[in-house]
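Residue numbers (the UniProt record's numbering), protein chains in the order written: chain B, 1 to 607; chain R, 1 to 607; chain L, 1 to 139; chain W, 1 to 139.
Hints listed in this document are in silico derivations from the structure and should not be mistaken for laboratory results. Any given hint could be a false lead.
[Stated by the list, open to error] Straight-line C-alpha distance at most 30 Å; calculated DSBU-like pairs for lysine-lysine:
1. B:K498 with R:K174
2. W:K56 with B:K480
3. L:K56 with W:K50
4. R:K508 with W:K56
5. B:K135 with L:K106
6. L:K111 with B:K144
7. B:K135 with L:K22
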Amino acid sequence: MRLIAGVDIGNSTTEVAIADIENRPRFLSSSLVKTTGIKGTPDNVAGVKKGLEEACNKINITVSDLDFICLNEATPVIGDVAMETITETIITESTMIGHNPDTPGGVGLGIGKTVFLDELDNIHSNEEVICVIPKSTDFEMAAKLLNRATETGVKVNGAIVQGDDGVLISNRLKKKIPIVDEVTYIDRVPMGMMAAVEVAAPGETIRVLSNPYGLATVFHLSPDETKNVIPIARALIGNRSAVVIRTPEGDVKERVIPAGKIIMYGARERRVGIEEGAEKIMSSLEEIWPLNDVSGEPGTNVGGMMERVRQVMSELTGQGISDIKIQDILAVDTFVPQKVKGGLAGEFALENAVALAAMVKTNRLPMNIIAKMLENELHIKVIIGGVEANMAILGALTTPGTDKPLIILDLGGGSTDSAYIDREGKVTSIHHAGAGDMVTMLINSELGLDDFNLAEDIKKYPLAHVESLFNLRYEDGNIKFFDKPLDASLFARNIIVKPDEMIPIPTKHSLEKIRAVRREAKKKVFVTNAIRALKDISPGRELRGIDFVVLVGGSALDFEIPEMISDELSHYGIVCGSGNIRGVEGPRNAVATGLVLSYYESLKGRA
Amino acid sequence: MRLIAGVDIGNSTTEVAIADIENRPRFLSSSLVKTTGIKGTPDNVAGVKKGLEEACNKINITVSDLDFICLNEATPVIGDVAMETITETIITESTMIGHNPDTPGGVGLGIGKTVFLDELDNIHSNEEVICVIPKSTDFEMAAKLLNRATETGVKVNGAIVQGDDGVLISNRLKKKIPIVDEVTYIDRVPMGMMAAVEVAAPGETIRVLSNPYGLATVFHLSPDETKNVIPIARALIGNRSAVVIRTPEGDVKERVIPAGKIIMYGARERRVGIEEGAEKIMSSLEEIWPLNDVSGEPGTNVGGMMERVRQVMSELTGQGISDIKIQDILAVDTFVPQKVKGGLAGEFALENAVALAAMVKTNRLPMNIIAKMLENELHIKVIIGGVEANMAILGALTTPGTDKPLIILDLGGGSTDSAYIDREGKVTSIHHAGAGDMVTMLINSELGLDDFNLAEDIKKYPLAHVESLFNLRYEDGNIKFFDKPLDASLFARNIIVKPDEMIPIPTKHSLEKIRAVRREAKKKVFVTNAIRALKDISPGRELRGIDFVVLVGGSALDFEIPEMISDELSHYGIVCGSGNIRGVEGPRNAVATGLVLSYYESLKGRA
Amino acid sequence: MGNNGNVSIFVIVKEPEQALLKELLAGIEEEGIPYTVSSFEGEALNETFKASQLSKLGVAVGVWKNRIILHYSKSRGFGPLFDGELNGYEKERARRIGNNAARLYKVMPLKDMRPNITIKEIVDMVRERVIAALKAKPL
Amino acid sequence: MGNNGNVSIFVIVKEPEQALLKELLAGIEEEGIPYTVSSFEGEALNETFKASQLSKLGVAVGVWKNRIILHYSKSRGFGPLFDGELNGYEKERARRIGNNAARLYKVMPLKDMRPNITIKEIVDMVRERVIAALKAKPL
Ligand SMILES: Nc1ncnc2c1ncn2[C@@H]1O[C@H](COP(=O)(O)OP(=O)(O)O)[C@@H](O)[C@H]1O
Ligand SMILES: Nc1ncnc2c1ncn2[C@@H]1O[C@H](COP(=O)(O)OP(=O)(O)O)[C@@H](O)[C@H]1O
Ligand SMILES: [Mg+2]
Ligand SMILES: [Mg+2]
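Could you build the full structure based on these sequences and the hints that come with them?
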């Protein structure tokens with residue numbers, strides 16, 4: 001017995017492989033623990049010890065039985081993500097109420113001047129009005145007053161109600177009218193103005209107020225005025241109910257926020273405003289690839305973000321800030337639901353935004369310090385093995401069905417790392433910004449969750465809808481029953497089903513919407529990066545020459561990312577799938593396994 | 001009173017507008033009926049008479065009270081649609097069973113040699129087997145035999161069952177194994193071969209058999225063999241259960257079917273194989289635009305389709321076949337679910353296909369014959385009004401909020417027609433292949449319905465899911481209750497809710513899937529065509545100069561198409577929405593209205 | 001109760017606090033579900049449970065003075081979904097319990113049934129009572 | 001019936017045709033829903049209706065000789081979803097009725113319950129009976 005442990009310290013995860021290399025390497029055990037502290041720092045030692053203990057426990061030995069430890073020469077790559085909103089919707093002199101109460105009243109379109117309920121008595125008969133009803137008025141009283149006004153000849157054509165009383169009032173009216181309720185800030189409704197209230201039948205959406213020419217018809221707009229109502233019409237598309245009020249200066253504007261310029265230095269220099277969008281940024285990047293550095297316009301949001309990345313990296317490595325170079329970015333178009341400024345019912349608008357991931361590479365990380373500390377604590381010889389990319393390739397090649405030439409894509413948290421081994425065994429490697437953490441950020445912001453842990457769970461686990469107190473339906477239609485009633489707070493909610501826990505998702509989004517956002521985020525980051533990585537690392541940037549692509553790393557454990565990438569690559573005739581290291585480990589343990597194999601080879605070489 | 005009727009005979013619909021033009025035109029009535037016969041033929045007379053009667057009835061006059069009838073100079077445009085499948089999945093020596101029974105048994109992955117249930121007694125202990133169980137064997141007997149084999153040491157690792165007995169057998173086993181059931185053609189399963197059975201937990205999908213390296217691990221495949229299993233892995237992605245059997249010559253192939261070349265004649269000539277896909281066809285088309293004619297390689301499917309269009313048009317107009325020119329095509333990538341050749345359980349694969357719409361323009365249609373017939377039957381003077389495009393523009397400009405310069409998009413059944421009026425009043429027009437009928441065809445084939453009427457209904461009405469015998473839930477989440485129980489055949493089904501009818505959709509597709517197909521089809525045809533039309537008709541092919549776009553025609557009544565187009569155009573700052581002819585007709589009656597207005601103007605001119 | 005009388009939420013009452021009952025019923029009505037009100041004798045919890053079994057919608061609400069009980073037949077003997085005494089000013093809360101009675105059948109997310117009275121609500125309540133008192137005894 | 005005994009589909013029987021009963025129960029089991037079998041006295045349709053009211057899943061099946069009745073409590077007095085006599089060889093059909101009993105609770109599309117026996121099924125049935133007869137009286 002000659003026991004050797006390969007140890008791979010990653011940004012998120014530390015992995016261990018233990019083998020007996022007396023004759024041929026015979027792998028006996030492995031483990032996976034969270035990395036303690038930032039990769040490449042002495043804080044890592046605690047995690048490494050824990051990983052070694054876990055792996056040793058599984059085969060009933062102690063760490064002191066090990067003959068030798070091989071540490072990875074960790075790639076000094078660090079990623080960071082950020083998000084910039086680039087549009088802003090502002091309502092001046094509130095004109096639009098586009099929110100979707102669960103239970104509006106009546107159906108149809110009503111047009112008239114806004115008047116308070118108390119003022120109905122003073123209205124001339126035959127006048128056309130939209131009645132505004134505060135929460136303090138009881139629904140019976142409200143209905144009584146509306147009926148009385150109608151009897152005296154006032155044309156009450158619709159109502160805007162503060163409380164959740166739409167159906168209640170409608171049920172008590174002699175002449176039915178469309179009623180939008182739950183309008184929180186009813187005191188901000190301008191009075192004496194022309195207003196239109198539209199409620200669609202259940203299962204349908206409004207058709208008049210979401211069409212600019214519908215608005216033009218209702219409010220007798222001139223062609224020029226019609227041009228100005230586009231944002232209103234757009235914002236109301238898909239709603240079941242809406243109110244639009246026309247005030248002399250009323251307006252809804254979508255403003256573009258200058259978020260700063262990003263400056264890319266490569267073959268040439270390129271400056272792109274963040275507000276020009278991700279596509280522009282990425283195509284400019286491709287024009288000047290490979291990249292030497294990126295900076296952001298000082299004093300702007302992007303500027304701040306780029307400085308933060310540099311700062312962290314500089315502290316970690318002890319290099320000067322100016323020596324830190326950003327070597328890749330990934331920009332992705334996204335949107336962020338944000339409260340509309342000046343809205344009356346807490347309306348949200350989907351603002352456009354750009355998400356950015358940045359990747360920095362520095363000199364060697366101080367792994368030798370970690371090695372020394374381990375040696376002192378464990379009294380076992382520790383060496384630093386070969387380059388991480390080479391080790392990963394060695395490990396990946398233990399996946400059944402693989403052969404050189406081969407590419408691995410290590411789908412991690414902060415970066416997507418790839419390595420290529422040609423027929424002769426020469427290895428090249430490259431790193432791209434953007435990976436699992438960026439997906440989580442996109443899910444978090446597009447769903448407006450403001451909860452990174454929840455977003456991470458949404459990323460990792462399938463969704464379900466609680467259909468009764470005793471059963472739920474998974475997103476694929478399968479049903480699961482329970483013996484005891486579920487908590488009432490889960491009732492009718494969309495939830496995430498973890499192995500040991502059910503977590504309700506506290507938003508009004510439909511299950512399909514959440515699913516679509518989750519899948520889009522994964523595609524935007526990983527399908528894009530897989531293609532970028534393969535192009536940048538393939539000989540001659542030509543995908544058609546590649547035979548095997550093996551996916552490894554934490555995000556290769558995802559229940560849909562590997563399939564998305566495989567699907568995309570199948571167009572090129574590439575065999576792509578999650579790795580299965582040594583036929584048993586799945587997409588994990590590639591580097592740790594490679595370290596062991598490489599050490600064994602080096603011994604043979606010497607012998 | 002001086003009553004005049006404008007009559008617009010369209011391919012699908014005949015529309016009438018009646019006005020008194022004594023002083024200024026005062027519109028009194030309108031109507032809409034189905035066009036009788038093919039547009040431009042004497043068969044149309046019946047429909048015109050019906051339309052006139054309906055419009056007259058509404059204002060209590062008779063047709064003989066009319067002073068004058070204005071007929072449109074119908075645009076001689078005819079469209080046709082067709083579909084070509086360009087890939088085919090074939091299983092030689094059946095190796096894959098990828099179907100998704102509702103109730104498979106057990107969970108996990110099992111590997112072994114296929115043996116019949118009756119042969120279990122002859123199997124050596126310690127041998128690893130997958131047991132094949134025919135429907136004729138009772139589930140209790142099957143479970144008993146499996147348990148007995150397990151007791152004697154045979155490793156029964158999984159089962160393939162013909163009947164719907166997966167859970168029943170699993171419940172009776174002492175050692176749980178994955179079981180795939182409802183495998184119809186169990187007699188075609190090759191025996192004595194290595195097989196793998198995988199069943200995922202509810203809510204999850206299989207992970208091993210859908211990964212090429214998973215298959216390589218299971219079957220000890222060489223790298224070269226691994227390349228050949230990509231189609232198997234791909235076909236199994238997303239399944240909850242699957243069986244893969246490895247036979248010496250077993251193979252799954254995706255074959256590209258040559259469907260013939262399409263030959264486009266424009267500035268230059270271009271030949272594109274249908275199997276190269278829609279994108280290639282459309283980009284070649286753009287290179288040589290404008291088009292003079294299109295033909296298909298003789299003796300191929302495309303060739304046949306192009307000849308059919310020419311034939312119909314030639315019969316209609318009496319022009320020689322060689323005089324008929326195809327002036328536009330729209331190609332769209334799509335997919336068709338088709339039974340896999342050689343499958344064991346009636347598996348379907350999504351084959352790639354290309355859908356084609358073609359548009360033909362000929363000389364003037366013989367409208368004068370129709371006019372004569374009308375005059376003889378009704379004893380009212382009938383004239384043929386101006387060019388259809390000019391009339392449509394005149395009518396569209398009655399939409400509140402519009403102004404010159406303006407573009408109308410007439411979203412019809414067979415073609416998308418557009419017209420542009422500049423500031424000076426000059427009108428140009430153009431026609432593009434592909435409209436409502438193509439959307440219906442795509443829905444029909446992508447969902448595998450084989451029922452054009454059902455597809456048309458899916459296109460036009462929202463979906464709902466019947467949740468109990470007394471309620472349904474619309475696709476937007478709204479719920480509707482009923483007093484009496486719904487028919488049991490609707491229970492738990494996805495249905496289309498028409499105003500007076502509920503139609504179950506007889507497929508296993510989820511509501512979300514049907515919705516996604518419906519929306520994608522609409523986008524593929526109408527968003528594409530809106531952009532094509534605007535580019536081809538805008539001065540200098542520049543969209544940014546256009547202010548107003550008005551949507552008219554039958555497909556502008558759709559509950560989501562106008563919003564999709566508006567959404568796309570909003571990026572260019574264009575005001576776009578459904579027309580509202582004369583502020584009351586919605587997107588209908590534009591041409592009929594234009595005919596009346598134009599006649600009135602011509603009178604004024606003469607006076 | 002007509003032909004379809006038990007196709008409704010059963011609301012059973014004994015000496016109910018009228019203001020709360022009104023809001024409770026309003027909550028059910030706003031969600032668009034029918035209800036039937038009848039009076040009960042005997043133990044409130046037990047009677048509400050029985051009523052939920054009889055309702056074809058499987059939902060019953062018991063109101064005894066200011067105590068409100070919400071029972072769902074599909075709770076399969078795991079007790080009521082709500083059982084508590086409300087203060088006279090907790091009208092919002094009574095409304096939400098009514099909403100939830102309907103939402104149980106509609107399978108829509110339930111609203112929070114915990115007391116969450118705001119300062120503003122208390123002030124409003126006090127003001128309301130003062131006005132009522134003033135009206136009753138004209139100055 | 002344990003603690004949760006009525007969280008199941010109630011199958012009530014009187015002199016049931018055993019082959020049909022077995023397939024019926026198998027149909028429920030294959031769909032993963034629990035059932036409880038007990039015998040009944042009295043009128044079959046009425047008893048099945050009552051059983052469906054008692055079942056927490058709201059589903060009951062009555063089997064009286066070769067007559068099978070499927071009742072759903074949510075049918076609100078609009079009669080049973082199935083009531084008919086099966087031939088002894090209609091085992092497939094009994095299985096499908098069992099599947100549907102479970103699918104009512106699972107809210108899954110129902111299978112066709114109409115008789116649709118094929119020639120092959122009749123031949124199989126005859127062959128089965130001949131074999132049984134042969135086994136009973138050894139040659
Ligand atoms: N089961 C899983 N499903 C999806 N993503 C996962 C899963 N487990 C880990 N991840 C993701 O993997 C990423 C970390 O990958 P890892 O390879 O551990 O990083 P590193 O190589 O930097 O140590 C995180 O974004 C995390 O969300
Ligand atoms: N309510 C509707 N929703 C969606 N599509 C519709 C509706 N009514 C008609 N259509 C579609 O409009 C098309 C016919 O348009 P129309 O303008 O009548 O044709 P044409 O101009 O050739 O007479 C058909 O494809 C039909 O499906
Ligand atoms: Mg409401
Ligand atoms: Mg089954």
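Tested hints:
With a C-alpha separation of about 28 Å, the suggested pair K498 of chain B and K174 of chain R falls inside the 30 Å cut-off, and the hint holds. At roughly 16 Å between alpha-carbon atoms, K56 of chain W and K480 of chain B fall within 30 Å of each other, so this suggested pair holds. For the hint linking K56 of chain L to K50 of chain W, the alpha-carbon distance of about 14 Å falls within 30 Å, and the restraint holds. For the proposed pair K508 of chain R and K56 of chain W, the alpha carbon gap of about 29 Å is at most 30 Å, so the pair holds.
Distance check on the hinted pair: K135 of chain B and K106 of chain L sit about 25 Å apart at the alpha-carbon level, within 30 Å; holds. For the suggested pair K111 of chain L and K144 of chain B, the alpha carbons sit about 28 Å apart, so the restraint of at most 30 Å is met. Pair hint K135 of chain B plus K22 of chain L holds up; C-alpha atoms about 16 Å apart against a cutoff of 30 Å.
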